[in-house]
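Student: My request is simple: use the sequences and hints to build the entire structure.
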Amino acid sequence: MPTPAKRDLLPGLLDLLILKSLSAQAMHGYGIAQYLQSASRDVIQVQEGSLYPALQRMRQKGWIKAEWGTTRNNQRARFYTITTTGRRQLGEEQSGFAELIAAVQRVLRPS
Amino acid sequence: MREFLSRLVDWFRRDRLERELAEEMRFHRELAERDAVAQGVATDDAPSVARRRFGNPTAVAEEARDRWSLPRLDQLQQDVRYAIRGLRRAPGFTATAVITLALGIGANVAMFGVVDRLMFRPYAYLRDPGTVHRVYLRATYRGKEDWGYGGEFARYLDMRKFTTSFSHLAGFARQTLAVGTGDASRERRVATVSASFFEFFDGRPALGRYFVASEDATPRGAEVSVL
Numbered sequence: 001m002p003t004p005a006k007r008d009l010l011p012g013l014l015d016l017l018i019l020k021s022l023s024a025q026a027m028h029g030y031g032i033a034q035y036l037q038s039a040s041r042d043v044i045q046v047q048e049g050s051l052y053p054a055l056q057r058m059r060q061k062g063w064i065k066a067e068w069g070t071t072r073n074n075q076r077a078r079f080y081t082i083t084t085t086g087r088r089q090l091g092e093e094q095s096g097f098a099e100l101i102a103a104v105q106r107v108l109r110p111s
Numbered sequence: 112m113r114e115f116l117s118r119l120v121d122w123f124r125r126d127r128l129e130r131e132l133a134e135e136m137r138f139h140r141e142l143a144e145r146d147a148v149a150q151g152v153a154t155d156d157a158p159s160v161a162r163r164r165f166g167n168p169t170a171v172a173e174e175a176r177d178r179w180s181l182p183r184l185d186q187l188q189q190d191v192r193y194a195i196r197g198l199r200r201a202p203g204f205t206a207t208a209v210i211t212l213a214l215g216i217g218a219n220v221a222m223f224g225v226v227d228r229l230m231f232r233p234y235a236y237l238r239d240p241g242t243v244h245r246v247y248l249r250a251t252y253r254g255k256e257d258w259g260y261g262g263e264f265a266r267y268l269d270m271r272k273f274t275t276s277f278s279h280l281a282g283f284a285r286q287t288l289a290v291g292t293g294d295a296s297r298e299r300r301v302a303t304v305s306a307s308f309f310e311f312f313d314g315r316p317a318l319g320r321y322f323v324a325s326e327d328a329t330p331r332g333a334e335v336s337v338l
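First to last, the sequence lines map onto chains A and B. Everything in the first sequence is counted per this note's numbering, starting at 1 for the first residue and increasing by one. Everything in the second sequence is counted per this note's numbering, starting at 112 for the first residue and increasing by one.
Hints should not be assumed to be uniformly reliable.
[Claimed, not checked] Quick look at which bits of chain A chain B covers, simulated, 3 or more residues with Cβ under 8 Å:
1) 23-30
2) 76-87
3) 90-104
To be clear, the hints were calculated from the coordinates, so they are not data collected in a lab. Ideal placement from N, C-alpha and C gives every residue a C-beta, glycine not left out.
Tutor: Okay, here's the thing in structure tokens:
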């Protein structure tokens with residue numbers, strides 16, 4: 001089974017992706033990882049080792065909230081929801097990222 | 112600032128956060144194992160596959176722990192604990208230090224209390240401390256300036272007669288006199304004051320009354336005293 005190449009995420013990009021995932025619905029950590037993997041067609045495989053520290057950091061910044069709940073299979077899990085501050089941050093980071101990508105592409109364009 | 116506050120809050124509940132993180136990661140690994148099995152990994156291999164995907168759980172916990180540790184606060188806590196242990200091991204030294212500090216602080220507090228009351232606060236019972244002043248008279252005698260004037264009764268009378276700047280005037284002079292008769296006589300500090308002196312104060316005499324202006328007359332007024 002050919003494994004898609006794993007790509008390292010640029011610093012700060014993980015925050016943006018997590019915020020984007022949570023903007024649709026509340027998710028637990030594993031859900032976020034799965035969502036990112038499937039939404040990116042297996043290109044982005046979030047290292048859990050960076051996911052949970054990132055979630056803690058974002059919670060402390062007030063972008064997301066963490067609450068314990070139960071999954072559909074009745075398992076206890078910590079669900080993360082995006083806050084108003086988080087949505088504002090998402091908007092800023094999204095436009096910032098778009099600018100960055102456009103700039104990088106301008107540089108990479110064959111002259 | 113906000114982030115620092117929540118870090119501070121997290122520092123106080125870091126034990127709980129750590130437990131929660133451990134539970135969260137356990138849950139994560141369970142699901143990863145389940146999904147690995149669903150994707151056709153042999154059941155025996157699933158835990159190792161999941162673990163491989165998860166990375167080193169200790170490292171994850173370690174990194175997350177950084178999020179709610181405040182190194183300075185941790186160090187402070189350690190230092191305080193270390194100091195308390197040391198003090199407990201040397202009770203004599205501790206007692207000496209505590210007593211020294213207690214005496215030092217106590218003496219300073221007492222001194223401050225006295226000085227504060229005497230020098231910085233308006234006198235109790237004074238009716239309007241902000242407008243009460245003491246008048247000093249100055250005289251130049253043979254080219255030398257001298258402050259020692261102003262104690263004479265005549266000057267007080269002059270001032271009462273010729274100045275309009277003050278709403279009230281009172282004269283007073285202090286002396287140390289013998290009071291009493293025979294063996295019972297003692298040296299006491301006595302002040303002679305004008306009747307208007309009492310208008311400056313709110314205090315009432317505990318017994319009887321103060322003397323009034325009509326009793327304060329020259330050359331010979333009533334023989335009165337206020338104890």
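Student: Look at each hint and say if it fits the structure.
Tutor: Results of checking the hints against the structure:
Check result for the region 23-30 of chain A against chain B: holds, 3 residues qualifying (beta carbon to beta carbon below 8 Å, three or more required). A count of 3 residues in the region 76-87 of chain A with a Cβ less than 8 Å from any Cβ of chain B is obtained; the coverage claim is therefore met, three being the minimum. Beta-carbon proximity to chain B at under 8 Å applies to 0 residues in the region 90-104 of chain A; the threshold of 3 is not reached and the given coverage is violated.
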